[in-house]
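Asks: Below are the chains, spelled out letter by letter.
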Amino acid sequence: MKQLQIPIETATLENGLRVVVSPDRVAPVVTVGVYYNIGFRLEPKGRSGFAHLFEHMMFQGSENAGKMMHIKLINSSGGVLNGSTHYDVTNYYESVPSNALERILWLEADRMRALKVDDENLRNQRDVVKEEVRVNVLNQPYGGFPWLDLPPVAFRNWANAHNFYGDFADLDAATLADVQTFFRTYYAPSNAVLLILGDVTPEEGFALARRHFAPIPAGPARPPADVTEPPFDGERRGEVEEKFGTLPAIAIGYRAPERRTPDWYALAMLDQALHGGRAGRVYRSLVLEQQIAVDAGGGIHYPVGDLFDYNGPTLMVSRILHKPEYSADKTLAAYDAVLDTVRQKGIDADELAEVQVKFRSDYFASLEGGHGGYIPRYGLMHYMACFTLFDNDPRLVNSILEGFFDVTPERVRAAAQKYLDPARRALVFRRPVKKGAA
Amino acid sequence: MATQATPEISPLVPALGPEHAVVWPKRTRLTLKNGLEVVLAESHNIPKFTGELYFRSGNAATALDVPGLAEITANVLRTATTSRTSRQIEEALRRMGADLSTAAGADNSAISFSGLTEFSGDLLTLVAELAQSALFPEDEFERERRQTLEGLRLERTTPSFLASERLRHVLFGAHPYAVVSPTEAQVESYQRSQLVDFYRAHYRPANALLVIAGDFASGEMMAEIERIFGGWNGAEAPPTPNPPLPAVHGRRLYLVHRPEGVQTQIVLGNRAITRKHPDWLRLSLANSIYGGAFNSRLVMNIREAKGYTYSPRSGAHALRQHGYFSVHAAVRNEVVAATLTEMFYEMDRMRALPVGEDELADARNYMSGVFSLGLATQEGLAGQLSSVYLERLPEDYLETYRQRIRALTVDDVLSAARAYFDSANEQIVIVGDREQVGAQAALFGDVDVYDTEGQRIA
Chain A
31 MKQLQIPIET
41 ATLENGLRVV
51 VSPDRVAPVV
61 TVGVYYNIGF
71 RLEPKGRSGF
81 AHLFEHMMFQ
91 GSENAGKMMH
101 IKLINSSGGV
111 LNGSTHYDVT
121 NYYESVPSNA
131 LERILWLEAD
141 RMRALKVDDE
151 NLRNQRDVVK
161 EEVRVNVLNQ
171 PYGGFPWLDL
181 PPVAFRNWAN
191 AHNFYGDFAD
201 LDAATLADVQ
211 TFFRTYYAPS
221 NAVLLILGDV
231 TPEEGFALAR
241 RHFAPIPAGP
251 ARPPADVTEP
261 PFDGERRGEV
271 EEKFGTLPAI
281 AIGYRAPERR
291 TPDWYALAML
301 DQALHGGRAG
311 RVYRSLVLEQ
321 QIAVDAGGGI
331 HYPVGDLFDY
341 NGPTLMVSRI
351 LHKPEYSADK
361 TLAAYDAVLD
371 TVRQKGIDAD
381 ELAEVQVKFR
391 SDYFASLEGG
401 HGGYIPRYGL
411 MHYMACFTLF
421 DNDPRLVNSI
431 LEGFFDVTPE
441 RVRAAAQKYL
451 DPARRALVFR
461 RPVKKGAA
Chain B
-8 MATQATPEIS
2 PLVPALGPEH
12 AVVWPKRTRL
22 TLKNGLEVVL
32 AESHNIPKFT
42 GELYFRSGNA
52 ATALDVPGLA
62 EITANVLRTA
72 TTSRTSRQIE
82 EALRRMGADL
92 STAAGADNSA
102 ISFSGLTEFS
112 GDLLTLVAEL
122 AQSALFPEDE
132 FERERRQTLE
142 GLRLERTTPS
152 FLASERLRHV
162 LFGAHPYAVV
172 SPTEAQVESY
182 QRSQLVDFYR
192 AHYRPANALL
202 VIAGDFASGE
212 MMAEIERIFG
222 GWNGAEAPPT
232 PNPPLPAVHG
242 RRLYLVHRPE
252 GVQTQIVLGN
262 RAITRKHPDW
272 LRLSLANSIY
282 GGAFNSRLVM
292 NIREAKGYTY
302 SPRSGAHALR
312 QHGYFSVHAA
322 VRNEVVAATL
332 TEMFYEMDRM
342 RALPVGEDEL
352 ADARNYMSGV
362 FSLGLATQEG
372 LAGQLSSVYL
382 ERLPEDYLET
392 YRQRIRALTV
402 DDVLSAARAY
412 FDSANEQIVI
422 VGDREQVGAQ
432 AALFGDVDVY
442 DTEGQRIA
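Sequences listed follow chains A and B, in order. Residues 31 to 468 in my numbering are what the first sequence lists, from first letter to last. Residues -8 to 449 in my numbering are what the second sequence lists, from first letter to last.
Derived from the structure by calculation, the hints contain no laboratory data. All C-beta atoms, glycine included, are put in the ideal place defined by N, C-alpha and C. Be careful, since some hints might not be right.
Said to hold, decoys possible - Partial selection, computed: residues in chain B whose CB lies under 8 Å from chain A:
1) LEU7
2) GLU10
3) SER105
4) GLN138
5) MET213
6) GLY252
7) ALA284
8) TYR357
9) SER363
10) ALA367
This is chain A alone, in the form it adopts within the complex (with noise of 0.2 Å):
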């Protein structure tokens, strides 16, 4: 297979900012990203849920564009905008036709440069994260199953372990000052990517991005911080109860291997081959087949993320959805025979390599897709910020698929056996209140 040649140009400002230019001109239209290199695990202690929050009021104003004028300025132009927050990235994105390029650069360096907000902002989003959270999570069935269950049952330290979308009693404890460290903390230009995608040149994107962004003085390095997490030394096990569906639920996590290790690739065609749709081991067995399930996914650093946006420890995880007249230990043992087989027997030439052509059809899909229709080249985007971030080289984005290319069937049985090992992981239970009609 020839490698991708997506064209990635790169810059570094005197402060510190990386810039990422990928030039298209499939539509008259610009994505643009600013990633900062701070997610959930380093909020800090006592404060759940702050760097979420913390997103949310980056939109409430900057020096010198008010509460209000970001939403306003973008959407006015013929763009939409969002932000989201994640384990180790925090990103805010726009697509805008691209004759408001520079006005999108504009607002993401007042922002960068000078956040002002004020108390009412704080207790404004507040209440809006809040709702956020409800409608997610509190008020829906299987709400935060499994992403916010499995972190406490699997991990201790409390960087991975703690609630990322934050007690209600940690959101009503931050304060302004809380806004105003983080933001000196970690939105500093030396700990960010700006990336501009689509229909510009190279020449112009980084010259619009010297204009606003060289202005903004370099700041603090970013603090050390400790995310190691020791390994697993049993099994681990929670409960955590269902107030609304009325399925059992099942979610395992092992632990993943470190990215871009040899073993971190296996696990991927691994993955792919348990988890891949339809097709995939685990589906295929408990839901097609024995009808033991409902629902049956999964993935690496599922399901909130995916295998290119984490850096530290991470799970591959698997979740089901099954039938009540199965017991958990009845779901449990048939899924573990699933994982038995390949861990004895591994998967044959011929499933790796179908394995590895969905792999790279999907990859090409995630560079490519519109995150919901409307951002062109989200995946794209993200995944280059990640790599600038963590690898700093965009330039990964081409390159990475030919790790998945040279797993062979004994390097999957190898992983299986080492990381998928059911003395050493984590188990959450989501337990129905309420009884089905069945």
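On the provided structure of chain A, position chain B as indicated by the hints.
Replies: Just chain B now, with coordinates in the frame of chain A:
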């Protein structure tokens, strides 16, 4: 009330540059001899293609007799053909790097697919097989029946589903559009033969539209499609019924009692228009100013000023025979009445007062820009083309869209708000804990109370 001062725009904000022209993708259209309509558009971003094979018959076609039949037909469809088992189908897809899904909405059934261009012939062959020679094995049907039942039970615990279900019932009465999901008893009574009959009657080339966007040469792709789909034959499909709609007069409230809800889902709505109606863009623009964009009045009011909710929105929804306008927000239990007050305030303001020229210009820019963004990916392009050809809109609908948006005026917005934001006759659905929010609901009119199974309890 919501009289925020208009914020000042800094003189430092860079002006917009001149707009860059849209280069329209190469588009080819052909109707095969068997009636299959084919639309191709080239988009060479990645070495893939994405497509939809639509049939213009969905759940509405049988909603009066067998609700949900199109959906379960679509779900079982992919599990076997005369030449492949379920497992062979799924593994073939993986080998081609392809995704395939089957689904049905109110108006259409669809086989959606995407895959690597290098395997396009194989994938289209599989799609053609599914469209012509699906087997509907008994055991796969029973498995899917149980999954459907569990899916229904899950839906009945989800506030947004309960709200839209009740709203559709109220707006559409005895019309098929009233039914969003079948009941458990209806699913229990499905017969395999009903699926087969639906499939034979509606999965017909003369009832179908094939839209594909992606990295291919259109001439070669069209030749391949003629080879693969040309031999498919069949009669016209039966029409979807269109019984009269109920009269809806005055504001009414419907409270779906969901015990222990820690938040309340509010939806209100009224019937409006389809995409073919001459006022469609006027309504779309009015909607984007009212609550259809982040920068809209409703979002700025109840989210950014008041913090009642995370993601309030309004929308104009076009089905094939009818349309409706709705407004929704999930809010904390204490502010249900306050939220309704603001929803009506903003609606009445749109009906009573013309929008400012600046606000109009901003909204036109927004709609025009978002339209361009939607064309920049293979999936977006296929989606835009699908809506044009499925609803048989004018051939140049996309090419002229931006200029038609630019021509809209303050009066267009005012007339659309007056016609389609039917404030005096809004049907209001509230999904929440009756003990906590019932008294607030009663402030707005008589309240009918339902349980989460859809039964009226008060």
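Asks: Now look at each hint and say whether the structure bears it out.
Replies: A quick look at each hint next to the structure:
Interface restraint check for LEU7 (chain B): the shortest CB-CB distance to chain A comes to about 5 Å, inside 8 Å, so the restraint holds. Interface hint status for GLU10 (chain B): upheld, as the beta-carbon distance to the closest one in chain A is roughly 5 Å, under 8 Å. At about 7 Å, the closest approach between the beta carbon of SER105 (chain B) and any beta carbon in chain A falls short of 8 Å, and the interface hint on this residue holds. Contact between GLN138 (chain B) and chain A, as hinted, is supported at the beta carbon level, the nearest pair being about 6 Å apart and thus within 8 Å.
At a threshold of 8 Å, the smallest CB-CB gap from MET213 (chain B) to chain A is about 22 Å, leaving the interface hint violated. Taking 8 Å as the C-beta cut-off, the interface hint given for GLY252 (chain B) holds, the closest approach to chain A being about 6 Å. For the restraint placing ALA284 (chain B) at the interface with chain A, the shortest Cβ-Cβ distance is roughly 5 Å, inside the 8 Å limit, so the hint holds. With a cut of 8 Å, the hint placing TYR357 (chain B) at the interface with chain A holds, because the nearest CB-to-CB distance is about 5 Å.
Contact between SER363 (chain B) and chain A, as hinted, is supported at the beta carbon level, the nearest pair being about 6 Å apart and thus within 8 Å. Taking 8 Å as the C-beta contact cut-off toward chain A, the hint placing ALA367 (chain B) at the interface holds, the least distance being around 4 Å.
The structure fails hint 5 only (numbered hints given earlier).
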